[in-house]
Amino acid sequence: MDDRGWDDDRAAELVVVLAALAGRDVGDAEARVVVAHSRALSPDDANTIWQRHHRAPRTVPLRDYLAMTLRFVERDPPA
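In UniProt numbering, the protein residues as written are 1 to 79.
Check the hints yourself; a few may be wrong.
Pair by pair, the computed Cβ-Cβ distance ranges are [as the list claims (entries may be wrong)]: (1) Asp9 x Ala56: 24 to 34 Å; (2) Gly23 x Val73: 15 to 25 Å; (3) Asp7 x Ala56: 30 to 40 Å; (4) Asp7 x Arg55: 25 to 35 Å; (5) Arg32 x Phe72: 17 to 27 Å; (6) Asp8 x Asp45: 18 to 28 Å; (7) Val73 x Asp28: 10 to 20 Å.
None of these hints come from the bench; they were simulated from the model. Note that CB positions come from ideal geometry on N, CA and C, so glycine has one too.
Kindly generate the complete structure, drawing on both the sequences and the hints.
This is the structure we're talking about:
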C-alpha cells in the first residue's frame, strides 16, 4: 500500500480501466508495470508528461500517460 492508502492490486485494476477508457487493452502484467512506473515518478516527471500530453497527446507513450494519470488520481484532494 502506498502512503495514500492505495494498494498495488487496486491501482492495477484502475490502470486497466483507464487504459480501456483510452481505447487500449492492457493485461495484469502491464498494469503492474504502470503502477511501479507511477510510484517512481517524481512530481516534476508527472508534470512534464502532462505538458507533453497537453501539447501533443499522440507523442506520449501509453505507459507514461497511464502512470501520470494514476499519479494524479492517487493524490490527496486539495483541502
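Here is how each hint holds up against the structure:
A beta carbon spacing of about 33 Å between Asp9 and Ala56 agrees with the range 24 to 34 Å that was offered as a hint. One distance hint, 15 to 25 Å for the beta-carbon pair Gly23 and Val73, holds here, with the actual separation near 18 Å. Distance hint for Asp7 and Ala56: a CB-CB separation of about 34 Å, consistent with the stated range 30 to 40 Å. Taking 25 to 35 Å as the suggested C-beta distance range, the pair Asp7 and Arg55 conforms, at roughly 34 Å.
The beta-carbon spacing between Arg32 and Phe72, approximately 19 Å, falls within the hinted interval of 17 to 27 Å. As the Cβ distance of Asp8 to Asp45 is approximately 19 Å, the hint placing it in 18 to 28 Å holds. Checked against the hint of 10 to 20 Å, the C-beta distance between Val73 and Asp28 comes to roughly 19 Å, which is consistent with it.
In the structure shown, no violation is registered for any of the earlier numbered hints.
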